[in-house]
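*Asks:* Mapping to full-length UniProt numbering: the sequence shown position 10 is 10, numbers consecutive.
No wet-lab data here; the hints were simulated from the structure.
Just so you know, not all the hints are guaranteed correct.
Stated by the list, open to error - Under the rule of at most 20 Å between Cα atoms (straight-line distance), these lysine to any residue pairs were calculated in the SDA-like manner: (1) LYS10 to ARG119; (2) LYS148 to ALA260; (3) LYS231 to ARG128; (4) LYS231 to ASP246; (5) LYS148 to HIS81; (6) LYS278 to ILE251; (7) LYS231 to GLY215; (8) LYS148 to LEU198; (9) LYS10 to SER54; (10) LYS231 to VAL193; (11) LYS144 to PRO181.
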Amino acid sequence: MKPRLIVTRKWPAAVEAILAERFDTTLNASDTPLSPDAMTSAFADYDAILATVSDRLPVAVFPDGEARTRIIANFGVGFSHIDVAAARDRDIVVTNTPGVLTDCTADLALSLILAVARRTGEGERQLRAGEWRGWSPTHMAGAKVSGKTLGIVGMGRIGKATARRAHFGFGMKIVFFNRSPVDDDETRAMGAVQLPNLDDVLAVSDFVSLHCPGGAENRHLIDARRLRSMKAGAFLINTARGDVVDQDALIGALERREIAGAGLDVFDGEPAVPEALKQLENVVLLPHLGSATEETRVAMGMKVVENLTAFFEGRPVPDRVA
C-alpha cells in the first residue's frame, strides 16, 4: 500500500504529478485552505500532511490520542505556523524546504528596497490614474540606495544573500544583528560588521531588512520603541514573517513619518491587511511573493518529495526540524 497523503493547497502541476505517481495523494484542486476541523480529520485519515505557510496547525487541531499522520512535510522554510512541540509529543516528524528559495526571496527584498526608496509604486499609480503632468526637477524625489547602510536582522541564508546583492550590486555597507556569532568568508568578503545588539543596527541603518524566524520568540521584535530608534529617513523591509513586526506600531510610525517608509511582503494575520496600511503612500505592499517564481516553487515541492520519500523508505530525513 502506498502511503496516503493530503496536499492542503494547490501546488505546481509538476510536483503534484510526481506526488500522485509515488503516493496515494489527495490534491486540493480548489486551492481552498482546510478548516480547523478538516485539518484535525486529516490527522486521522492520512499518513502525511503536506502543509503550507497559509495553514495553521496549533495544538488545538492535533488529535488528543494517537494520530495516523506520521509526518508533516511543510512547503516553505518557516514553520512557526506549526506547533512543533505538539507534533513532537505525538511522534510526528516535521520537515521544511530550506535553501531552494534563498535567491528569490533575497531578490524580492532588494526589489522592495528599490521600490520604496525610489517611490515606484506611487509613480505607477500616479501615471495609471492620468495624474502625471510631466517631468520636473522636484517631482517624486526619493532616496538614493547605492552607498547607503543596510542593516540585516538574521544573518542566515537569506540574510546573507540579501546582503551580498546589496553590497556587491549597490555598494552598500552591511551591518547585522544575529543571536549567535557569524564570522565566515562570506561576511568578511562583504566587510559585514556584526553589532552587539539589535538597537545598534537600527540606529545606524538607512535600510533595515528582516530575515529572522517568526513565532513566539520573535513576535513584535520590531515594536514602537525600536521603530523610534531607527533613523527618521530609514526604511523597514520585511520578507520574513508578519508577526515579527508590531503592525499597529508600524502604521503609527509611518503615519507620523517617524521612519521614511516600509516595504512589506508579509503581514500579521495575512491575508488580511489593515486598511490603514493600504491607505499609506510611503509603504510598498506585496502579497507574500518572496518565493513566487515557477523555478523556486517547483524546487520547494521537490524538497518535500525528497523528505517524504526518505521518511517512508526509512532513511534519514534531510530537512527534519522536529
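*Asks:* Each of the hints needs a verdict: does it hold here or not?
*Replies:* So, going through the hints one by one against the coordinates:
no.	hint	result
1	LYS10 to ARG119	violated, 34 Å
2	LYS148 to ALA260	holds, 14 Å
3	LYS231 to ARG128	violated, 32 Å
4	LYS231 to ASP246	holds, 18 Å
5	LYS148 to HIS81	violated, 35 Å
6	LYS278 to ILE251	holds, 10 Å
7	LYS231 to GLY215	violated, 27 Å
8	LYS148 to LEU198	holds, 18 Å
9	LYS10 to SER54	holds, 12 Å
10	LYS231 to VAL193	holds, 19 Å
11	LYS144 to PRO181	violated, 31 Å
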